[in-house]
Amino acid sequence: KDVMRTDRTQKFFSGDKNPNLQVLYDILMTYGFYNFDLGYVQGMSDMLSPILVVMENEVEAFWCFAGAMERMCHNFEMDQTGMKLQLSQIHILMQVYDPELCAYLESHESGNFYFCFRWILILFKREFSFQDIQRLWEVLWTDRPCKNFHLIISLAILDSEKSTLMENKFGFTEILKHINDISQSIPLEETLCKAEGIFLQLKEYKKLPKVVKEILGLLPATPSSSTDSCLSTASSPQVEVRQETSVSATDVTGRKSSAPVNSSQSFHSSSNRRNTVDEQVKIMT
Amino acid sequence: MSNSRRNSGTRPGAAGGRIQQAKLVLLGDQGVGKSSLALRFVRGQFPEHSEATVGAAFLTQTILVQGQSLKFDIWDTAGQERYHSLAPMYYRGAQAAVVVYDINNANTFNRAISWVRELRQQTAVNTVIVLAGNKADLASEHRAVPTEDARVFAEETGLIFAECSAKSGLAVNEMFMMIAHKIVGKHASPNSSQGVQLTGGEEASSSGCKC
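Residue numbers (the working numbering), protein chains in the order written: chain A, 59 to 343; chain B, 2 to 212.
If you're looking for bench data, these hints aren't it; they were derived computationally from the structure. Hints may contain errors.
Claimed, not checked - Listed next, the in silico DSS-like pairs over lysine-lysine satisfying Cα-Cα at most 30 Å (straight line):
hint, chain 1, residue 1, chain 2, residue 2
1, A, K220, A, K264
2, A, K220, B, K72
3, B, K183, A, K235
4, A, K205, A, K220
5, A, K205, A, K271
6, A, K268, A, K252
7, A, K220, A, K252
8, A, K265, A, K205
9, B, K72, A, K235
10, A, K227, B, K72
Nothing here was measured: the structure is a model prediction, and the numbers come from that model.
For reference, chain A alone in the conformation it holds in the complex (with noise of 0.2 Å):
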């Protein structure tokens, strides 16, 4: 259903009976029976459709799209513990980076982020035009200058718009409301560069909490754990995912978590994957 409603602005996908359509059904399906477990779920159109622009051919857009989705399949849970997690990281970051806002939209019902939802589910797609989302998305799946550098990017955007959120003393539908509309609007460029100076700050920050540092990979011993495919039949993602929870000290629910940090497993090569994601990377420049 939703191959026929992505990205039909594009000139790729323009056009009754335009065949490149068939080609986004095709991956997706093919992508649905190759994760069955995950299937397919709203928002992996719009995560595909760039990078078959980019491909142009079949096989080879379906395994960047496998890679990308490596990334990023715990966004599309079904319990959306992914999402939880990513939104409950943001908020820690906040905490450090910016607590006045931070207390803005805890005592605004925006505590739990939500209203970032679409930026971090399909990595900021619908935010930026077609061009700008290549650019992005080129930069955050390098890893650098840090991991999980697309919440620095949300933290970024946010110190932007503090000053409406703030000024207009706005609440939680008008916060909903205001970032759903600064969509197609938001400058690429700045972003990224003020997104790399939080980073810079964070990282020079003597106080950083230890769990800010192992959200941005800081932490030099401890191999990624938010990369770790869901793609396993043997080893329930779930179950990874929780794991990972421990890490943050709150959770969206709110709920305190004082298991200690955890020192996350590799069942997945890393390097494997890094691999499949540095080609990407390599092929999409």
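Using the hints, position chain B against chain A.
Chain B only, in chain A's frame:
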């Protein structure tokens, strides 16, 4: 506790009258036309390939009903089951909910029924709930949900019922007007609980028909 979620209330309008605000939420299975109904009502448009809603979209429309301005804050939600857990955030505090199904697809009707049950359990008793069978323009060839079945269910559960088409515009404005009357609450027509009648006359009066 802040008042920010109180969407009901009055404030001075531009014309010296009062503007009443009402929060309305659109629910229903994916691809039934929730966003399209909202767009038809708010902008009078029907985009042929509107994108799947991710998270939630937000629209507003102010209408005049019984000499009073009513501003709808319309929350348009993502339909896929996977995103069900987000819905309570959008329907809480809503004065009205439009549960949409595709009259050419029986599964979407079953999904609508479960939405209605959930709303009845989770929202205030006086929440106006509308059962809207969309895509009526395709019904002559593809209908899968008989009008009577839906009407009976709507009557049993005390819903407003309408069959409509976001594409042709059929009965869309009428449906929202009926909600507005219910909310504003004065002399609502005694027939209003029985839903919009699909007649040739109404179809002819609908605007922007592309069929």
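Structure-based check of all given hints:
Restraint check for K220 (chain A) and K264 (chain A): satisfied, since their Cα atoms lie roughly 25 Å apart, inside the 30 Å limit. At most 30 Å may separate the alpha-carbon atoms for a hinted pair to count; K220 (chain A) and K72 (chain B) meet this at roughly 27 Å. For the hint pairing K183 (chain B) with K235 (chain A), the CA-to-CA distance comes to about 26 Å; that is within 30 Å, so the pair holds. Between K205 (chain A) and K220 (chain A), the direct Cα distance comes to roughly 24 Å. Compliance with the 30 Å bound is thereby established for this hinted pair.
As the CA atoms of K205 (chain A) and K271 (chain A) are separated by approximately 10 Å, the hinted pair is consistent with the 30 Å bound. Only pairs whose Cα atoms come within 30 Å are accepted, and K268 (chain A) paired with K252 (chain A) is accepted, the gap being roughly 23 Å. Of the supplied pair hints, the one linking K220 (chain A) and K252 (chain A) holds, its CA atoms being roughly 14 Å apart against a limit of 30 Å. Restraint check: the Cα-Cα separation between K265 (chain A) and K205 (chain A) comes to about 19 Å, which is no more than 30 Å; the hinted pair holds.
Distance check on the hinted pair: K72 (chain B) and K235 (chain A) sit about 15 Å apart at the alpha-carbon level, within 30 Å; holds. Taken as a hint, the K227 (chain A) and K72 (chain B) pair is honoured in the structure, with Cα atoms around 20 Å apart against an allowance of 30 Å.
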